[in-house]
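Undergrad: This is what each chain is made of:
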Amino acid sequence: MSAARYEAVIGLEVHVQLKTRSKMFCGCATSFGAEPNTNVCPVCLGYPGTMPVMNREAIRLTVLSGLMLGCRINPRSKFDRKSYFYPDMPKNYQITQYDQPLCLGGGVEIEGASGLATVPLTRIHLEEDVAKNMHFATCSGVDFNRAGSPLMEIVSEPAMHTPEQAVAYLQGLKQTLMYAGVSDCNLEEGNMRCDVNVSLRPVGATALGTKAELKNLNSFKSVLLALRAEIGRQEQLLREGGRVVQETRRWDVEAGATFLMRTKEDAHDYRYFPEPDLMPVVLSEQQIAEWARGLPETPRQRRARFASEYSLPEYDARVLAADKAVGDYFEAAARGSKAPKIVSNWVMTEMLRRLGETGQEIAAVQITPAALAELVELTEAGAINSNTARELFGELFANGGSPRALVEARGLAQVSDSGALQALVDQAIRENAKSAEDFRGGKAVALKFLTGQVMRLSRGKANPQLAAQLLEERLKK
Amino acid sequence: MASNSDQQSMDVNYIARLARMNLDALEARQFQTQMDGIVDYVRQLSELDVEGVEPTAHAAPIQNVFREDLAQPGLTQEQALANAPAQSGGQFIVPKIVE
Amino acid sequence: MLTAHELQDRLVRGDCSSVEIVQELLAAIQEVDGTIRGYLSVDAEAALAQARAADAARATGRGGPLLGIPVAIKDVLNVAGQPCGCASKMLRGYVAPYDATAVAALRAAGAVLLGRTNMDEFAMGSTTENSAFQVTRNPWSLEHVPGGSSGGSAAVVAAGEAVAALGSDTGGSIRQPAGFCGCVGLKPSYGRVSRYGLTAFASSLDQIGPMTRDVRDAARLLGVMAGHDPHDSTSLPAPVEDYEAGLPVSGGLRGMRLGMPREYFGGGLDTEVEAAVSAAVEECRRQGAEVVEISLPHTRYAIATYYIVACAEASANLSRFDGVRYGHRTAVAGDATELYLRSRAEGFGAEVKRRILLGTYVLSSGYHDAYYLRAQKVRTLIRRDFDAAFERCAAIVCPVAPTAAYRLGATGGDPLKMYLGDVFTVTANLAGLCGLALPCGFTAAGLPVGLQFLGPALGEARVLRAGRAYEQATAWHTRRAPHAAGMARTEAGGK
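Residue numbers (our numbering), protein chains in the order written: chain P, 104 to 580; chain H, 506 to 604; chain S, 2 to 496.
By construction, these hints were calculated from the structure, which means they are not laboratory data. Be aware that a few hints might be false.
What the hints assert, rightly or not - Calculated Cβ distances over 10 Å to all of chain S for the following chain P residues:
1. Gly-215
2. Ala-240
3. Leu-328
4. Thr-351
5. Ala-428
6. Glu-480
7. Gly-514
8. Arg-562
9. Pro-567
Unchecked claim - Covered stretches of chain S (chain H as the covering partner; in silico rule of three or more C-beta atoms under 8 Å from a C-beta of chain H):
10. 312-324
11. 372-383
For each residue, glycine too, the CB sits at the ideal point set by N, CA and C.
One chain only, chain P, in its complex shape (with noise of 0.2 Å):
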């Protein structure tokens, strides 16, 4: 048994599905959910005969997916075959990009333990998806709608070393990837997809040790937990005097474990050589400053220019960039507002809960940016008190609708003329007289108690400050 310590070298490779009209390389569209083979031509079946032409959108996406990661454009680019056979390859040889891929260099923006840090990235590439494999009892069925896709793949540098850092790096990926509206990003649905690349070596080495490479990765939590049992698994083996065999494993959700796929025996020969039938892609400077030019916003822009525009603390920017739907929603309502702090309040406790709650995309949620502002506004003018707020709200989650309407349908206008609480404090003593007695005794809480009578009385309508500056003037008597 060896005593020494292991660090984790992880590198991902995420394939990416771009949100164009039609394939990468023909007409077909790319909308999901249809009949099997419906959404298919002799060109993605792979017929004889029949050629690729490239898709100008999916060249534009993925170069701008470059520009907001900072990678370097590569002037001149080019496809090329990768051979091999299954049943979801239409012509078993994958048009992708060999050693001169769309994109170099570059990094991703992660927050770790010790504030921001970048992760490196090797390149990014533009290559064809797969069609989809079903699994019958005695056979399997394809189906081609996928196939021919675009799909866009960004491989990092081996340089992260724990399983929350690889995580935090795909979330990062996926919100810089949402800001640049390149793809919708899902792991669940397939249209983000990731292959996790991961070695040990004993704390202060520099040399890589073997690697294995993690399949069926499908939500950021199957990444984090197959990462922490396959390290667990490579410590166990160095710790027992065993080797790490190259080779690829398959995350099992249900046993919690990683199991063996293929070793490097089998592993395959592709065969790359250049695609005759495509032509290079030459970006010139000024091809790529004018798609440079429509480049959206980036996270970290975003979070400085809330910062500034809205007086917001650097953790709320942090928070609300960090999501792009969320950064949006709280712009459309901050936007106008005299107190986008106050905003930023709701939707980083209420708003976030909730959503976290029912599971909802803030995009899709009942209640406007108009309508969060009008609430803010109401509570700054004291038009109603932050219990009412905060009952609101939850109204216009479930079911929408104007705040100033709901407060004058239902009369939950905050009370502060002291003449119509008066009676209700007074009721309030008469029906606790131990707490009042509590409170002239010097039990300062009892007043709090007291007070929350008051409210009740009221329906919540009560000013509580007033209702609290009452009750102790009647007290102190």
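Using the hints, position chains H and S against chain P.
TA: Relative to the frame of chain P, chains H and S by itself:
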């Protein structure tokens, strides 16, 4: 030149496996002899000094041939499956795939 | 035997109808194809229907260079609703759902698609003996091959069973059979005709081209098919010239500087072929051409380069034949890998397997750089040879092949021997040039000898001009093969 390629003969059975073609014993023997002759012949390219010579992948010097991102109707499911040796439920059927 | 342009003139004059032309060709096929075996299939009904439609269109005032003219199609080209078997068991039963762009262009010009011609399986071979289905014979001598891989197209044109045909040329597959059968064959520059719908053998080398009875017909068919195609990224955007209008009425060779490659006239060239080609060069000189000697120093590496590049691309191109979406599928397979191993073993013939093996090998790990990458670099050197040559001459004149047609079975046991016969044709494909083959004489045994004019990329007008001038001066192309069909009625009316 790659170190393991000098004067070695092609392992016909291994290459046939890569290309997913069964060879029977007679074929394998015949092909081995023929391929040895052919590989021996094409090996003459190693005489040439190609240092610094750019490879030619295409016979015509054109670039940036794109199509616009427009979706167009393709085949119907019936047309797509018309040539399929085996089909069921709108899908091409193959022997069970073990992943 | 009339040419397409002669028949078109007669159609325009109303001397005959398209239906009559098709009927006569069907009769010719009936008469000789049992012996020649150039066609794999003929859809008489469909051809007659197209001919009737063409006649009807003409009656309403429509015209066009090929309206009502029958054209035979090599079995490698997709025609919607027809089988496209590539003379392979692998594609038995496959029916194409779309038209190749070149075929669609013929249709649009009013041509009648007559039938599908035999070929070497997947266009791999130089004799058409590699067809999985039948052996095609040379109309000049039934003991000889028609050449290949477009041997069926060459044979049916030479035998009077077709007016014109389409072929495909990856390393000489149009020009060599045209030479062997005494007809005209044009390989356009790479990218001049769309490859979309041509079942790919080697994508960076393949071209579709016409096989005809004279150079003028070749110019006419090229004019119909040439041009950029949005479905083929490698098709050239250059405007299409009016090739036919550019042909000389006379004196087309006057002042043209022709290069004779020293390396093409050395050892290995059959003496009868050398004599015929030398005489043809002499004739060109008489017609006013200036002939200079040029050098193509990398010629001796051309065959090796060609077979590495072509087979590498073919090994990937033919991977799609796996028994999943179309084509042959083995009867029993336990898993997908077995499905591939058996279907492909059963579906492909020996020559196709050899080329897939070579192509897979030269791309495989550890060998890629030594073979494939090196061949791509030598390809650059070969291209440069031609760049330099075309600085010194307008076109190159040379033989099509080192010998006349082979005897049947002569190359069977030795694939390498067959490959070496492609030495004068593969270079045009490697360098992307255009090349025209046309008859320039006969051997003592009565076999045609082919002459080749090579031009730079997009130099079609030039080689067609040279070829037309030569054929007008010599008329070898009007000789008839002894095993050709008679076309009594049409010809009686025409002459």
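Undergrad: Hint by hint, say whether it matches the structure.
TA: So, going through the hints one by one against the coordinates:
1. Gly-215: Correct as stated: the minimum Cβ-Cβ distance to chain S is 38 Å, above 10 Å.
2. Ala-240: Its Cβ never comes within 10 Å of chain S, the nearest being 15 Å, so this holds.
3. Leu-328: holds (30 Å)
4. Thr-351: holds (17 Å)
5. Ala-428: Given a closest Cβ separation of 38 Å, the condition holds.
6. Glu-480: The assertion about Glu-480 (chain P) holds, with a minimum of 57 Å to chain S.
7. Gly-514: Given that every Cβ of chain S is farther than 10 Å from that of Gly-514 (chain P), nearest at about 68 Å, it holds.
8. Arg-562: holds (70 Å)
9. Pro-567: Given that every Cβ of chain S is farther than 10 Å from that of Pro-567 (chain P), nearest at about 71 Å, it holds.
10. 312-324: holds (count 4)
11. 372-383: holds (count 10)
When the structure is compared with the earlier hints, no violation turns up for any of them.
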